[in-house]
Structure formats: structure tokens, C-alpha cells
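Visitor: Whenever a hint applies, use it, and build me the whole structure from the sequences.
Residue numbers (my numbering), protein chains in the order written: chain A, 70 to 181; chain B, 5 to 118.
If you are wondering where the hints come from, they were derived from the structure by calculation, not from laboratory data.
Using N, Cα and C, we set each Cβ at its ideal position, and we do this for glycine too.
Please note: incorrect hints may appear among the correct ones.
As the list claims (entries may be wrong) - The following residues of chain A were derived to be distant from chain B, with all beta-carbon distances above 12 Å: (1) Val-81; (2) Gly-85; (3) Arg-91; (4) Ser-100; (5) Asp-125; (6) Lys-137; (7) Thr-145; (8) Phe-172.
What the hints assert, rightly or not - Computed footprint of chain A on chain B; a stretch qualifies when at least three of its residues, placed anywhere within it, have a C-beta under 8 Å from a C-beta of chain A: (9) 77 to 85; (10) 93 to 107.
Next come the chains, spelled out residue by residue.
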Amino acid sequence: DAGVIQSPRHEVTEMGQEVTLRCKPISGHNSLFWYRQTMMRGLELLIYFNNNVPIDDSGMPEDRFSAKMPNASFSTLKIQPSEPRDSAVYFCASSFRLGEAFFGQGTRLTVV
Amino acid sequence: AQKVTQAQTEISVVEKEDVTLDCVYETRDTTYYLFWYKQPPSGELVFLIRRNSFDEQNEISGRYSWNFQKSTSSFNFTITASQVVDSAVYFCALIPGSARQLTFGSGTQLTVLP
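Guide: See below:
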């Protein structure tokens, strides 16, 4: 298996633009997580899905953020409109066994 | 509420030295799971180990060993005979009770100098 695949690896966008981050989890994994990593706040869970259903989205900063998982092999995280404070590395992770998450390489988002 | 504290922000050692990374956790749950992840310079997080709260046996995997002590709520990680390739940020994490999401500590940046 190729592991968790995220795209794009890097994204630079202007404030106010819509940004969509994509994730393909490992086949057979039933949980998918979106994390955000910044120097100030470390690793924060944004949302996680179990069997494609959102279970906990309490970490989603505000209404500008939305996440979907239309099927077991694809998820998106959308920010609309983007703001400079959204600049961070966004990780997608999937797991089958509790806590043993496999992380993608992340998307480094810069909002200018 | 749960919390993971990694008090050591940065550690530098010279190759072949042993190094211990500290992790202290807080949770009210009697059942919980503890983890260590490694984040090398390439950026992705790599799972290293999982322990459950009922298993206090220490574990050794090659040069890596983990010391779990419920009495002090600690789950420390030791690298023996460190190597330059061990340079990375190491995160301790916790899953309490019936939750599924990881709560991470702030990480320890380990630099192993040649």
C-alpha cells in the first residue's frame, strides 16, 4: 500500500480564497483524522470520521472549515474563506487499530 | 480532561549517547492508551509504540525502550546508543477511555550530533 496520500503537498493562496485539501486513506482503515500543526498550538485534532461518518468535529476552528468523507477512500478539508492565521501544516491520518494512526506527509498551507 | 506534558522542548546529544525523553500524562479514565510518534525532518509522523493502561511491562525494541509507570503517570522513552538518524521531533500521545482520537504532547526536538 502507498500509505496515506495527501494533496497538494504545498499550497500558497491569497486571503479570502477557498482552499481544498485532499486525502486518500489506507485501504481497509475505518477511521480518518484531520490534524493541524502549528508552532504555537502543536498538533490539534480538527475532525475525525469513523466508517465515513463524522464523529467529533469539536476541533474545527469555525464555520469557515468543513470536512467531508463521501466514501471510504477519499476525504476533503475545505477552508472558505481562508485567512493568514490558517497557515499551518495539515495532516490526514487513517487507522484500523486504536491509536495506531498512519499519517500522510501533510499539506503545508500558506495564506498570504 | 486529558493532557500530555513533554517538559523537554529540545535535547542535544552526541552520537552513541543514551537519551531519555520524558512524558507525563493526565486522565481520569482507568482505561487508556499511550503512544509515541516520531516526526523526522521529512515531516510525516511515524507510529512507534502503543501501550494500554493495564500493561505496565516495559518494552524494548532494538535501541528503543519504554518505561511505563502508572504511579507517576509517566511513559518515558529511551534511545540507547543514539544515532544521527534518530534526530527528529518525538511526540507522546494519549487516548483516554472510549475515545479514538489522539491527544498529543508538545513534542521534544531531539538532535543527535555526529
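Visitor: When the hints from earlier in the document are held up against this structure, which numbers fail?
Guide: 4, 5, 8 and 9
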